[in-house]
Amino acid sequence: MRLATLAWKNLCVEWRRALNVGSFIFFAGFFMALFTCFIGSVKTNMETAVINALAGEVRLQPAGMEKEDLFSLSGSWEEINYLTEAEMERAEKALRERINPVEVVKRVRHNVLFISDTEEVGGMILGIDPKAVSYRKALTLTAGRYLENDYEVILTETQAKNLEVQVGDTLGVLAQTKEGYTVDSALTVVGIGSVDLLNLFGYNVAYTDLRSAQELLGLTEREATDVIIYTGDKKRALETKQQLAAYFSENGLPGPTPALTTWEQTGGFIMGGINFLSILFYYFTAVLLFIISILLINIISMTVLERRRENGTLRAIGFGRMKVAWLFLQEIQLLVGFFGLLGIVAGSGVVLSLGRKPIKFGLPISYLTGRHFVFHYDPVRVFAVFCILYGVTMVVAFFPVYRATKVQPVELLKEEK
Amino acid sequence: MDIVCVQAVTKDYDLGQTKVHALRGIDLIIQEGEFISIAGASGSGKSTLLNLIGGLDYPTSGEIRINGECINNLHERELNRLRLNTIGFIFQSFNLIPVLNVYENIELPLLIMKGVSKRERKERVMRLIEAVGLSRQIKQRPSELSGGQRQRVAVARALVTKPRIVLADEPTANLDSVTGLEIIDLMHDINKAEGTTFIFSTHDEKIIKRADRVIYLEDGLVKKGCPGKSGETK
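Heads up: the protein sequence lines correspond to chains A and B, in order. Under my numbering, the first residue of the first sequence is numbered 47, with each subsequent residue one higher. Under my numbering, the first residue of the second sequence is numbered 113, with each subsequent residue one higher.
Please note that the accuracy of each hint is not assured.
[Claimed, not checked] With a straight-line cut-off of 25 Å between C-alpha atoms, the simulated BS3-like cross-links for lysine-lysine are:
1. B:K274 / A:K369
2. A:K460 / A:K369
3. B:K230 / A:K369
4. B:K318 / B:K304
5. A:K55 / B:K234
6. A:K403 / A:K369
7. B:K335 / A:K452
8. A:K460 / B:K131
9. B:K234 / B:K251
10. B:K131 / B:K274
11. B:K234 / A:K369
12. B:K321 / B:K335
13. A:K55 / B:K251
14. A:K280 / A:K183
15. A:K369 / B:K226
16. A:K403 / A:K280
17. A:K55 / B:K226
18. B:K230 / A:K55
19. B:K226 / A:K452
20. A:K280 / A:K139
By construction, these hints were calculated from the structure, which means they are not laboratory data. All of these numbers come straight from a predicted model, not from anything done at the bench.
With the sequences and hints as input, model every part of the structure.
What follows is the structure in structure tokens.
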């Protein structure tokens with residue numbers, strides 16, 4: 047027999063006691079796995095929304111625009127910054143030669159005045175290739191369809207409500223061209239929808255086709271206010287940016303080099319918000335863990351207290367304090383190993399099955415989750431949860447165990463009589 | 113040879129505002145190989161004296177020497193070593209580990225003893241199982257044994273480390289008289305065969321008669337006026 051056998055036998059024979067502590071560890075593991083995957087999924091979904099709706103993985107803009115606000119264009123509507131034809135040509139060449147992007151989206155962003163029959167509302171319009179895939183992934187329609195032709199617009203719910211328009215209505219748009227002329231255009235509302243996860247941050251942009259937006263700004267077909275680039279791997283954003291920057295410095299045009307930003311930089315404000323939310327979630331997790339710890343201390347204290355006789359006997363026959371403590375801790379170790387893992391596996395199973403199709407959420411949860419929430423399973427996070435649960439359990443178990451073994455053996459044996 | 117030497121030992125317990133004088137100045141010398149009974153009424157200090165000799169508790173004053181070594185000021189680790197190597201314990205309520213079988217209960221102290229090989233462990237345990245007559249119950253757990261059988265396991269466990277002293281605190285108190293006498297006879301046989309010193313407490317006259325020497329305690333003192341030297345009888 048080995049000493050570990052005693053721990054193992056204690057668990058097997060006294061299975062009710064083991065189940066008492068074990069079930070608690072199981073549920074802790076289960077909920078922590080579920081919770082951490084939820085937090086991770088919210089973060090991942092928001093990052094995806096930022097990339098698809100706003101920033102691409104890398105964004106190319108006119109020089110000096112690195113810190114431009116994503117939500118509304120900085121400065122007045124007369125202040126127009128755009129990539130010239132020469133810059134666009136150089137950028138396209140760079141992308142062709144150095145990067146192998148999955149999708150490159152030319153965009154025109156412009157401050158305009160929307161005019162309906164009853165209302166006038168200022169806002170930002172975003173011209174995009176109607177066939178672009180990325181914006182469709184981020185933009186959820188509540189009515190109508192996505193862009194197909196010129197002179198179409200998709201409004202956010204807030205814009206449609208403020209302008210009192212519906213799908214099929216025509217909307218007047220007033221803008222100022224790069225030459226300083228004021229132009230107006232008529233756009234048909236073909237869809238109403240919003241970028242779900244960015245609602246929380248007040249994202250309120252109307253989508254139109256690229257050509258219509260270029261006309262509003264007086265740009266040629268080859269000009270744009272920015273270009274967003276997708277490589278299909280957001281982790282490669284920095285590398286892509288560096289490759290493009292290197293190309294521009296090697297094959298520089300006269301004048302300043304266009305600004306390049308990764309999605310983390312472009313969506314800095316939102317990423318800050320996401321990180322704040324994550325910290326908030328982790329704070330809740332820490333509180334949850336603290337509560338679990340207190341409950342575990344109580345349960346383990348009770349368990350150890352029930353075994354004063356065993357403790358006293360072991361001490362009397364020559365076991366040292368730490369040896370006895372180690373025996374108890376070995377049991378806890380086996381418990382957390384088995385039940386903790388079981389809880390984690392069960393939690394993972396739930397996450398994986400929930401992740402098979404999007405879950406529908408209503409307000410206010412949909413602010414965090416979007417209307418169609420997709421659960422992402424992250425084995426690294428789940429493994430970290432197991433390690434944390436294991437570590438915390440062992441640390442909190444040590445205190446009641448150590449306290450129990452501190453009692454003089456004569457006191458432990460006296461208790462029995 | 114003096115294996116246990118108790119000199120002017122007192123033990124007081126603080127119970128809030130009152131102080132209980134469990135032992136009031138005990139002087140005692142026990143030779144190696146003796147089979148001694150500590151007798152006395154309940155509360156006379158028998159268990160306290162055994163606990164002090166066994167290093168489970170510290171005396172309030174006085175000195176206790178085990179095999180010539182004063183154990184009063186020994187560090188806890190040294191006391192553990194003493195209990196493991198020199199002293200074996202037998203308890204009134206057997207104190208076996210309920211989840212372990214007969215073999216494993218007897219083997220338990222050897223698991224933490226240094227220098228005992230697996231083979232030697234097995235030999236020692238099997239020899240003792242045979243000696244206490246439990247060969248057929250080797251795989252049974254304490255709950256499946258009678259009181260007498262449990263106490264036999266406890267005796268074997270106390271002896272497995274080859275201690276020089278075995279302390280038994282009322283080892284027959286939870287047994288019927290016949291079984292109690294059997295256990296005492298078993299201990300006596302081992303005492304004669306191995307030369308192990310046995311010190312056991314009891315208040316049962318039939319058991320007392322089996323001892324080679326009896327030390328009577330009364331109110332924390334060795335009782336005077338009894339036959340033999342210093343209240344001791346042989």
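Which hint numbers doesn't this structure obey?
Result: hints 6, 7, 10 break, sorted rising.
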